[in-house]
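Line by line, the protein sequences give chains A and B. Each residue of the first sequence is one higher than the one before, starting from 1 at the first, in my numbering. Each residue of the second sequence is one higher than the one before, starting from 1001 at the first, in my numbering.
Watch out, some of these pointers could steer you wrong.
To be verified - Taking lysine to any residue pairs in the SDA-like style, the calculated list, with each CA pair at most 20 Å apart, reads: (1) A/488 <-> A/46; (2) B/1192 <-> A/46; (3) B/1188 <-> A/231.
Claimed, not checked - Some, not all, of what chain B presents toward chain A, calculated at C-beta under 8 Å: (4) 1015; (5) 1019; (6) 1037; (7) 1077; (8) 1185; (9) 1187.
It is worth saying that the hints were derived from the structure and are not from the lab. Glycine included, C-beta positions come from ideal geometry on N, C-alpha and C.
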Amino acid sequence: MAHTDHAHHDDHAHHGPAPGIMRWIKTTNHKDLGTLYLVFAFTMFFIGGLMSLVIRAELFHPGLQFVRPEFFNSMTTLHALVMIFGGVMPAFTGLANWMVPMQIGCSDLALPRVNNWGFWLLPFAFCLLLSTLFMPSGGPAGGWTMYPPLVLQMGEGFPFLIFAIHLMGISSITGAINVAVTILNMRAPGMTLLKMPLFCWTWLITAYLLIATMPVLAGAVTMLLTDRYFGTSFFTASGGGDPVLFQHVFWFFGHPEVYILILPAFGIVSTIIPTFARKTLFGYDSMVYATASIAFLSFIVWAHHMFTVGMPLAGELFFMFSTMLIAVPTGVKVFNWVATMWRGSMSFETPMLFAVAFVFLFTIGGFSGLMLAMAPVDFQYHDTYFVVAHFHYVLVPGAVFSILAGVYYWIPKWTGRMYNEFWGKTHFWLSAIFINVTFFPQHFLGLAGMQRRVPDYAVQFTDFNEISTIGAFGFFLAQFIFIFNMIKCMSKKGVPATDRVWEGAHGLEWTVPSPAPYHTFEVPPYVGDDETQSLHGAAKAH
Amino acid sequence: MSDAADSGTSRGLSSAKRNALVLVVVVVGMFGFGYATVPLYNALCVFTGLNGKVSNQAVKETAAAAVDTSREVKVQFVTTVNGGRDWEFRPLQSSVEVHPGEFVTVMFHARNTQDSDLVAQAVPNVAPIEAAKYLHKSECFCFNNQPFKAGEEKMMPVRFVLDREIPPEVDTVTLSYTFFDVTEAAAKAAAKTAPKS
């Protein structure tokens, strides 16, 4: 059993964390880097959240109140880039850093120095990106999708935007290679691929999506750069290029990217629901195959983001039907989660609350996605607040709720202290209510014809916009409860956590002490049937 | 799954490096794929007429081209000046009725209303996109860029034919031209070729 291995750790006491700030700068420890990634991600959530408040404050009433339209547009653009590349993706990488080695029973990621480098690229990338706000011509304001020719007309911040994207891309590619190689090569004896916790599976598939698509984005933005400064005409119509090609290339990256933002969430939820339902996950194998199918389908549906650019009918139909096909594996997952809860002895601690809300609210986002998948009606919905409502439903009560659930679920293991359950539940209920207050009215606004990315709107949209703005401020303020709750755990105040932490928790990460020692599984544990079969059901024979 | 049984940490590290290297190769390959989409897309567009792109290659005019007099297709002309410049650019005729297989010449009028020289490039587009690959041109001002002196006026011909194979449901074809200002790019290109010639 893994417990006995910890005797070895005393020999490695001199390998403990270095003192002072250099510990964090030079660290190659997966737990340190996981913490850094998470702290960075929540800092970015805060910055991106402030930007969304600027947007919502401006939209509280029709007409221009607080900001100039150019600044409003750079807020929508930067909010997206900061939240996607600075918030959700580093948060998932942080969770992978912490949990993947502990879940598969290895001592660290396969490439620890690359891991350190990958993290430290991020602060520089976002300094480059956010510095554009202080330039006379302002930040990028053409939307996060960077469509030419508009993006090529940006001011002197343009190369900063491009190089920031390059650095974010390199960072996430290094993270992805690291996770993929770790999972493929460093599993403890007996941890076969189909015994792995689902968080590892979803991250493995996410890593392949990142490896396959981030370089395509890097190529596309490099072409933008040479179009602007070196006279090439990849997307410049006057030189024989085609701006529509950029949209195709961008969404060839962009659609897998939206699954990069949600597959690890599926993994987290698939870990948490069995714990608090005190049952094994229903349909483990089908979960793995569903994840792989979603990943495959994500490569052949990209043009559903651009139904209105003018496509042959056959193209519209192909992308419409292939998009709807994604509902099948996604439905498999949702039904599996529900079946896992069915007749379980459920308890509703904070991680479970967030996970159940994820299942419900993510499904709403999935349904509005199906509506958008229909090419004929997409002509009405395109570039309206209906789209904004759709992707915020899958990203906020989807990806962000899963990150919050994961942090609540694992922080007792990381810090050795339980968070405050009362404040956790308060945080959950405020978040769940305010997020719906924020985004549900946006469905109606979109259907009624309110455009996205415009700082002004027709007066009949005022009521719903006021509700939405109140929700956004409420949601933002509620997150401080979470921050203080977590800081309390990190400063070692609170009830000490047991090693197992949760009654129904299974997996290698719960066999090490709480807080997890600086080095775990230096000697690979033997993966006994009791830990992995509980994931699968004892009847499963391998 | 038997491969995991021997994936112990010590043995895992050397093959981990190999796997990492393979993934780096995939990354480089996908970066290249991003660039490869450009010629692939252009070839696909010209081949299928996707996106209303038309070939910028002049076709040879054959004297004995058979004309399908049983059909008439309306060809409309649309002109735009990119970036809201106030140059004059318009077709002399808003539309013509043509028989498939019949060569027709139409004229466009352009005038540089600025008080400086400019070089313009016209980019053609055809709607509906199903018709794009059936419209061939033997002569077009869009094949080359067009220099204009300050205030200069030009009459520019386009000679085209609709392929006899054009789908029967197409009864109207719109040929649009957008004029782009390429003065800077043309000057750069001229400077590049000048020392050689």
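Status of the hints after comparison with the structure:
1. Under the criterion of a C-alpha separation no larger than 20 Å, the hint pairing residue 488 of chain A with residue 46 of chain A is consistent with the structure, at around 19 Å.
2. Distance hint between residue 1192 of chain B and residue 46 of chain A is unfulfilled; the C-alpha atoms sit about 50 Å from each other, more than 20 Å.
3. Restraint check for residue 1188 of chain B and residue 231 of chain A: satisfied, since their Cα atoms lie roughly 9 Å apart, inside the 20 Å limit.
4. Taking 8 Å as the C-beta cut-off, the interface hint given for residue 1015 of chain B holds, the closest approach to chain A being about 5 Å.
5. Among the interface hints, the one on residue 1019 of chain B holds; its C-beta lies about 5 Å from the nearest C-beta in chain A, closer than the 8 Å criterion.
6. Contact between residue 1037 of chain B and chain A, as hinted, is supported at the beta carbon level, the nearest pair being about 5 Å apart and thus within 8 Å.
7. About 18 Å separates the beta-carbon of residue 1077 of chain B from the nearest beta-carbon of chain A, more than 8 Å, and the hint is not met.
8. A hinted interface residue such as residue 1185 of chain B counts as satisfied when its beta carbon comes closer than 8 Å to some beta carbon of chain A; here the least separation is about 6 Å, so the hint holds.
9. Interface restraint check for residue 1187 of chain B: the shortest CB-CB distance to chain A comes to about 11 Å, outside 8 Å, so the restraint is violated.
When held up to the earlier numbered hints, the structure conflicts with 2, 7 and 9 and fits the remainder.
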